[in-house]
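Chemist: Listed below, chain by chain, are the residues.
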Amino acid sequence: MSEHINSRIDTQAWAAGSDTPEKRVLNLGFMALTDAASVIVAATQGFAEKYGLTINLQRQASWASLRDKLLSGELDAAHSLYGLIYGVQLGLGGAPATDMAVLMGLNQNGQSINLSHALQFAGVTTSDALNLRAHQKGARLTFAQTLPTGTHAMWLYYWLASQGIHPLEDVDSVVVPPPQMVAHLKARRIDGFCAGEPWCAQAVDENLGFTLATTQSIWPDHPEKVLGCTRAFVEQHPNTARALVMAVLEASRFIDENEENKRSTAKFLSGSDYVDAPLSAIQPRFLGQYQDGLGHAWLDPHPLRFHADGAVNMPYISDGMWFMTQFRRWGLLRDDPDYQGIARQVQQLDLYRQAAEALNIRVPAEQRSATLLDGKTWDGSDPVGYARSFTLHALADSDAVAL
Amino acid sequence: MLRILLINDTPKKVGRLKAALIEAGFEVIDESGLTIDLPERVEAIRPDVILIDTESPSRDVMEQVVLVSRDQPRPIVMFTDEHDPGVMRQAIQSGVSAYIVEGIHAQRLQPILDVAMARFESDQALRAQLQARDAQLAERKRIELAKGLLMKMKSCNEEEAYTLMRRQAMSRQQKLLQVAEQIIAMHDMLGS
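Taken in order, these protein sequences are the chains called A and B.
The first sequence begins at 1 in this note's numbering and counts up by one.
The second sequence begins at 1001 in this note's numbering and counts up by one.
Okay, chain B solo, but in the shape it has when bound (with noise of 0.2 angstroms):
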């Protein structure tokens, strides 16, 4: 029976993914809080599989337990099955990455894999979604436009127009466009 490793160390719930693990006839041992003190739980517990969030700042810690296994009979590898890349792909774009001891068989990784690609709670809704080409012109046109608003209000050119919102835009913690739609407005309503 494989020996599985959870870190719960990010706002996911494992919870239930414990509990499906179990179901699916895994051991399963669940860790949180962990950070530093990894390498020596991981050498003290002797995981076959270790899952951890992609997201999990622990995954830099692992980095060490790869590197320092290297020499042991059974060195911890990332799991990055090479005869099908996409399921690393898969895995990492769900929020799961998987850490195996070398020679455990990727067939035998795919069930875990499943349960934890379907079980990790999900967070595709936060994240950034691709900005559609149409809306990067608009955006492209109302900071020219904004530009030359402010060229004219300041007598200045264009390097010293820039340079100004910028800076305006930093000082308030906001992006170009913002403060490019800020002059527009305070134009609009000077100038009517």
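Just chain A, with the same shape it has in the complex (with noise of 0.2 angstroms):
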């Protein structure tokens, strides 16, 4: 097979010529997570030296080392929260603005908000008994989230939003690395958060809180984490990059096949190496099988996916524009960026479809359309009317007024 997909490549007549990976041996970075799976299944499961690349995957302890390492070149590429690229691009946060890139979309639903459990013992179990109790006066709220510019962040601020709580006027909003969730959980320093898996599944099961919404329950199939880097780097190695994304697409394909495939790679991610968190933490959501600790249980409709014959994984432009829509309505950005154009800087859509055509993976449209949990749908068409759209927000400049 490695043959009929070497000759496919060569019928392609790269721009630059040969195929020939610039770079062979790439560090790759990632966080403890389980939407992490793909580029750890890629990298140890004989995926990338199938296109001539050896990935040596780096653990990372926090976003921001994360970010500065691909930035300082340590990291070629990572698992990324596409906020963080976002970010770095914009300039928002510790590092200088850079050019950075998105390669492929890692994965779409499968994290969550939850609360704590002295919450729920004060009968704070509903979005309802939530807005009346950040209403009240009194001691404020805090909810953790895990980057400023994260997914989590615009998660878990579109969802309190959503239901009529101001995420930075309501409550208090604090940033806690996604493996220290639980600790702070039961430490009593937060009241909820929002981030990834397996770290929601294990405060449910040690019962120190609860899952009150899925993100899936606000964005079914909604954009999470995706294949990172800064520009240069796809620019210096294009063919290298080409490289990695086939690799991580075929892992990816294989993740996502059937459900014997899941629970093995469930199980490689439990070790110590990757995500060092108990099978029993892992698999269930890992697998769909959702209980949210109050005692209801589902097999979710929108589970964390890789793959979806390749849905998953299109850089899709109106993706890109949605979390800078976010970074403006919470005042991040001060003024509207050039929404499409960044984007289409950003989201290497070329890149993604040589590799997606070789490997005879369907390209869907550039834009796609969803209706989010408030009723809102967005299409990429009007980002700038999108941003300023909403009911609550915080936007920071003089137009705010006018509304």
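The set of hints was computed from the structure by calculation and includes no laboratory data.
The beta-carbon is built from N, C-alpha and C at its ideal position, and this holds for glycine as well.
Treat the hints with caution; some may be incorrect.
Dumping the calculated DSS-like pairs for lysine-lysine here, alpha-carbon to alpha-carbon at most 30 angstroms [said to hold, decoys possible]:
1) K50(A) x K23(A)
2) K1141(B) x K1152(B)
3) K1154(B) x K267(A)
4) K1141(B) x K267(A)
5) K186(A) x K1012(B)
6) K267(A) x K186(A)
7) K1152(B) x K1175(B)
8) K267(A) x K50(A)
9) K23(A) x K1141(B)
10) K1154(B) x K1175(B)
11) K23(A) x K1175(B)
12) K1141(B) x K1154(B)
13) K267(A) x K1175(B)
14) K1141(B) x K1175(B)
15) K50(A) x K1141(B)
16) K50(A) x K1012(B)
17) K1152(B) x K50(A)
18) K1152(B) x K267(A)
19) K50(A) x K1154(B)
20) K137(A) x K186(A)
Quick look at which bits of chain B chain A covers, simulated, 3 or more residues with Cβ under 8 angstroms [stated by the list, open to error]:
21) 1018-1031
22) 1047-1056
23) 1100-1113
24) 1138-1150
Using C-beta positions, here's what the derived DEER-type ranges look like [unchecked claim]:
25) P1073(B) x N258(A): 54 to 64 angstroms
26) D1114(B) x G341(A): 36 to 46 angstroms
27) A1138(B) x A183(A): 40 to 50 angstroms
Reconstruct the complex from the two isolated chains, following the hints.
Modeler: Encoded structure:
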């Protein structure tokens, strides 16, 4: 089969001439999360070697460190939050503004918002009860997310706002790296958090909290982690970047192929070199089997997924723009960016198309449409208007007054 | 005199670093076990420089400090000397991250970074070494060999053989190469 694929690549006549990877040994960063599965599997199960690559996996202790190492070149590419890549592109946060690249989507769905056991005992087990509690006088609730520009901050803010709770005025928001969420919940330093798995399932399993909302209930099949790198890396190593996308695409397809592959992937992820958490916390939600800690159990129609015939992996222009609209909505961006122009530079559509077509993977349209839980539709057509269309916001410029 | 907040929440020892910075004439406040309280502590201590292990989970909390302080008279920024990006890169590689109050001259930071880079216990030895290309080629050949043996043994096609090997590897928390070696060893034993 490898010969078959190589001959297909040859016929594509890449712009660069030869398709030989410019760099063969790659340092690839990831955070201890189950949604890093496709890069971990690509690196360890013979997918990268097929394309002439050796991937050294490097687990990171924080998103900030992962970002700095991407910028310094210590990491070539990484499992990244969508919002981390766009945050760096726009110069929001600790790092200098740097041109970044999204090579492909790694997964959709599978994060969640969780509240503490103490809130559960106080009867705060619904969004209405949380709304009442958040607007009561007295101690403000503290919610943790994983990075000021990260996906979890955006899911948390979006969900709270959709329930009538202003995320920046009615509650306090703090940053905690995902593997430490459970410890902070246990120490009662936070009242709730939004993060990826297995840390939410672990909070439920250890009877420290319950899941109030999944992120797929906010936006079914929402974008989440991406394979990210600097623009300079793609420009200097286009063949390596394409080979890497092909290896990760094949690994994604393998994981999603059937339940047996998912189960063995879950087992592998639980190892100490990777997610380093009990299989019992990883496997159920990895297979879409949820229980919320309040006695409800369900098989989720929009579980964590890695491929879905390529629907997950396409670096949609509209996905990239959505994060910028939320940065704008919450005052991280003071002005409207060139939404289309920036997204088109960051999302590596051409490279992705070449990789997907070589593997006979369907390439969907550049923009996609979705209706989120507040009833608003996002289709990428009017980012400026969309960013201004929310009742609750923190728009920071003079235009906000006119609303 | 510059006031330095030294964040101590990873296994690296900062004892000698603190002493060395004090000897060099800086005021040093060291904080351990800090995590989410960090924004309040920074507000209360008002340091000029914050030094933190690059591998510290609290790096993400510092992201919040940087964003929240951006409208204040003395915003905290990550030290990224635009005139010499090599310095930041070198610092990160030695495991030191520095955040400073905007306006502090890079020259004043240099002696602090010099001390920090020398005194933070380096874990270079633990860092993954780049694998030689020869090893990579050899690995690929071993995997191919095992796949071929398995195809014969199980009378299956290439994709099926790969899937069997991968499932076996991941269920046992092994890399594909390890399973390939086991198949080859088993084949050698049974074949001879």
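Chemist: Now tell me, hint by hint, if it's right for this structure.
Modeler: Going through the hints against the structure:
Simply put, K50(A) and K23(A) have alpha-carbon atoms about 15 angstroms apart, close enough for the 30 angstroms limit, and the pair holds. For the proposed pair K1141(B) and K1152(B), the alpha carbon gap of about 17 angstroms is at most 30 angstroms, so the pair holds. For the proposed pair K1154(B) and K267(A), the alpha carbon gap of about 24 angstroms is at most 30 angstroms, so the pair holds. Among the hinted pairs, K1141(B) with K267(A) is consistent with the structure: their alpha-carbon atoms are about 26 angstroms apart, no more than 30 angstroms.
A distance of roughly 25 angstroms separates the Cα atoms of K186(A) and K1012(B); the hinted pair therefore holds under the 30 angstroms criterion. Of the supplied pair hints, the one linking K267(A) and K186(A) holds, its CA atoms being roughly 26 angstroms apart against a limit of 30 angstroms. Distance check on the hinted pair: K1152(B) and K1175(B) sit about 22 angstroms apart at the alpha-carbon level, within 30 angstroms; holds. This hinted pair checks out: K267(A) and K50(A) have alpha carbons roughly 23 angstroms apart, not beyond 30 angstroms.
Annotation: proposed proximity of K23(A) to K1141(B) holds, straight-line Cα distance about 20 angstroms (limit 30 angstroms). For the hint pairing K1154(B) with K1175(B), the CA-to-CA distance comes to about 21 angstroms; that is within 30 angstroms, so the pair holds. Between K23(A) and K1175(B), the direct Cα distance comes to roughly 22 angstroms. Compliance with the 30 angstroms bound is thereby established for this hinted pair. For the hint pairing K1141(B) with K1154(B), the CA-to-CA distance comes to about 20 angstroms; that is within 30 angstroms, so the pair holds.
Our distance criterion of 30 angstroms between C-alpha atoms is met by K267(A) and K1175(B), whose separation comes to about 12 angstroms. Simply put, K1141(B) and K1175(B) have alpha-carbon atoms about 15 angstroms apart, close enough for the 30 angstroms limit, and the pair holds. For the suggested pair K50(A) and K1141(B), the alpha carbons sit about 10 angstroms apart, so the restraint of at most 30 angstroms is met. Annotation: proposed proximity of K50(A) to K1012(B) is violated, straight-line Cα distance about 39 angstroms (limit 30 angstroms).
Taken as a hint, the K1152(B) and K50(A) pair is honoured in the structure, with Cα atoms around 21 angstroms apart against an allowance of 30 angstroms. A distance of roughly 28 angstroms separates the Cα atoms of K1152(B) and K267(A); the hinted pair therefore holds under the 30 angstroms criterion. Taking the CA atoms of K50(A) and K1154(B), the gap is near 22 angstroms; set against the 30 angstroms cutoff, the hint holds. A threshold of 30 angstroms between alpha carbons decides the hint, and for K137(A) with K186(A) the separation of about 24 angstroms falls inside it, so the pair holds.
Residues of the segment 1018-1031 of chain B lying with their CB closer than 8 angstroms to a CB of chain A number 0, which falls below the three-residue condition for coverage. Coverage of the segment 1047-1056 of chain B by chain A holds [criterion: at least 3 residues with CB-CB distance below 8 angstroms; count 3]. Under a criterion of three residues with beta carbons nearer than 8 angstroms to beta carbons of chain A, the stated coverage of the segment 1100-1113 of chain B fails, only 0 such residues being counted. As drawn, the segment 1138-1150 of chain B meets chain A at 3 residues by the rule of a beta-carbon pair under 8 angstroms; at three or more, the given contact holds.
Checked against the hint of 54 to 64 angstroms, the C-beta distance between P1073(B) and N258(A) comes to roughly 59 angstroms, which is consistent with it. Checking the proposed 36 to 46 angstroms range against D1114(B) and G341(A) shows it holds: the Cβ atoms sit about 42 angstroms from each other. As the Cβ distance of A1138(B) to A183(A) is approximately 42 angstroms, the hint placing it in 40 to 50 angstroms holds.
Taken one by one, the earlier hints fail for this structure at numbers 16, 21, 23, listed in ascending order.
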